[in-house]
Amino acid sequence: MKYTTTSIVISGCATAEPVEINSCSGNCGTSSMYSAEANTMMHYCSCCQEATTSQKEVELMCPDGSKVKHSYIHVESCGCHVTDCDAGTTTAPGTTRPRRRRR
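Start counting the sequence shown at 1; every next residue gets the next number (the UniProt record's numbering).
Calculated directly from the structure, the hints in this document are not laboratory data. It should be emphasised that the depicted structure is a prediction, and the values quoted were computed from it without experimental measurement. Just so it is clear, CB atoms sit at the ideal spot from N, CA and C, and this is done for glycine as well. Treat the hints with care, since some could be wrong.
What the hints assert, rightly or not - List time: in silico DSSO-like cross-link candidates among lysine-lysine, alpha-carbon distance up to 30 Å:
(1) Lys2 / Lys56
(2) Lys56 / Lys69
(3) Lys69 / Lys2
(4) Lys67 / Lys56
Stated by the list, open to error - If you anchor each label on the Cβ, the simulated ranges turn out as follows:
(5) Tyr72 / Ser35: 22 to 32 Å
(6) Ile10 / Ser31: 33 to 43 Å
(7) Ser77 / Met41: 24 to 34 Å
(8) Val9 / Ala38: 48 to 58 Å
(9) Thr30 / Thr4: 18 to 28 Å
(10) Gly65 / Asn27: 43 to 53 Å
(11) Pro63 / Pro18: 17 to 27 Å
(12) Gly79 / Ser31: 14 to 24 Å
(13) Ala51 / Ile8: 20 to 30 Å
(14) Ile8 / Cys48: 15 to 25 Å
(15) Ser66 / Met41: 54 to 64 Å
(16) Thr40 / Ile8: 44 to 54 Å
Generate coordinates for the entire structure from the input sequences, incorporating the hints supplied.
In structure tokens, the structure reads:
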């Protein structure tokens with residue numbers, strides 16, 4: 001997890017003090033492997049994303065002196081989550097699919 005401290009600014013109103021904004025980053029497993037049974041490449045992909053979050057509230061100070069409450073999503077933890085690599089599978093390089101004959 002990456003920890004960043006920054007001010008939140010919404011419509012010209014900003015936090016008086018910087019707040020901690022966490023984000024997820026890092027390496028997760030990705031692989032491609034030939035399947036003889038399916039005669040195609042099998043793909044496994046995962047991405048790093050938030051696992052648990054919480055709602056936090058901060059007070060924003062506006063140029064006219066007014067105060068506005070703002071809630072944001074705070075990342076508590078991250079993890080690797082399985083995702084689709086692409087829309088489908090691909091044929092193994094150097095192979096062709098059999099053509100069907102019309103009758």
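Verification of the hints:
{"no.": "1", "hint": "Lys2 / Lys56", "result": "holds (18 Å)"}
{"no.": "2", "hint": "Lys56 / Lys69", "result": "holds (10 Å)"}
{"no.": "3", "hint": "Lys69 / Lys2", "result": "holds (25 Å)"}
{"no.": "4", "hint": "Lys67 / Lys56", "result": "holds (16 Å)"}
{"no.": "5", "hint": "Tyr72 / Ser35: 22 to 32 Å", "result": "violated (44 Å)"}
{"no.": "6", "hint": "Ile10 / Ser31: 33 to 43 Å", "result": "holds (42 Å)"}
{"no.": "7", "hint": "Ser77 / Met41: 24 to 34 Å", "result": "holds (33 Å)"}
{"no.": "8", "hint": "Val9 / Ala38: 48 to 58 Å", "result": "holds (52 Å)"}
{"no.": "9", "hint": "Thr30 / Thr4: 18 to 28 Å", "result": "holds (26 Å)"}
{"no.": "10", "hint": "Gly65 / Asn27: 43 to 53 Å", "result": "holds (47 Å)"}
{"no.": "11", "hint": "Pro63 / Pro18: 17 to 27 Å", "result": "holds (18 Å)"}
{"no.": "12", "hint": "Gly79 / Ser31: 14 to 24 Å", "result": "holds (18 Å)"}
{"no.": "13", "hint": "Ala51 / Ile8: 20 to 30 Å", "result": "holds (23 Å)"}
{"no.": "14", "hint": "Ile8 / Cys48: 15 to 25 Å", "result": "holds (23 Å)"}
{"no.": "15", "hint": "Ser66 / Met41: 54 to 64 Å", "result": "holds (59 Å)"}
{"no.": "16", "hint": "Thr40 / Ile8: 44 to 54 Å", "result": "holds (47 Å)"}
Checked against the numbered hints listed earlier, the structure breaks hint 5 alone; every other hint is satisfied.
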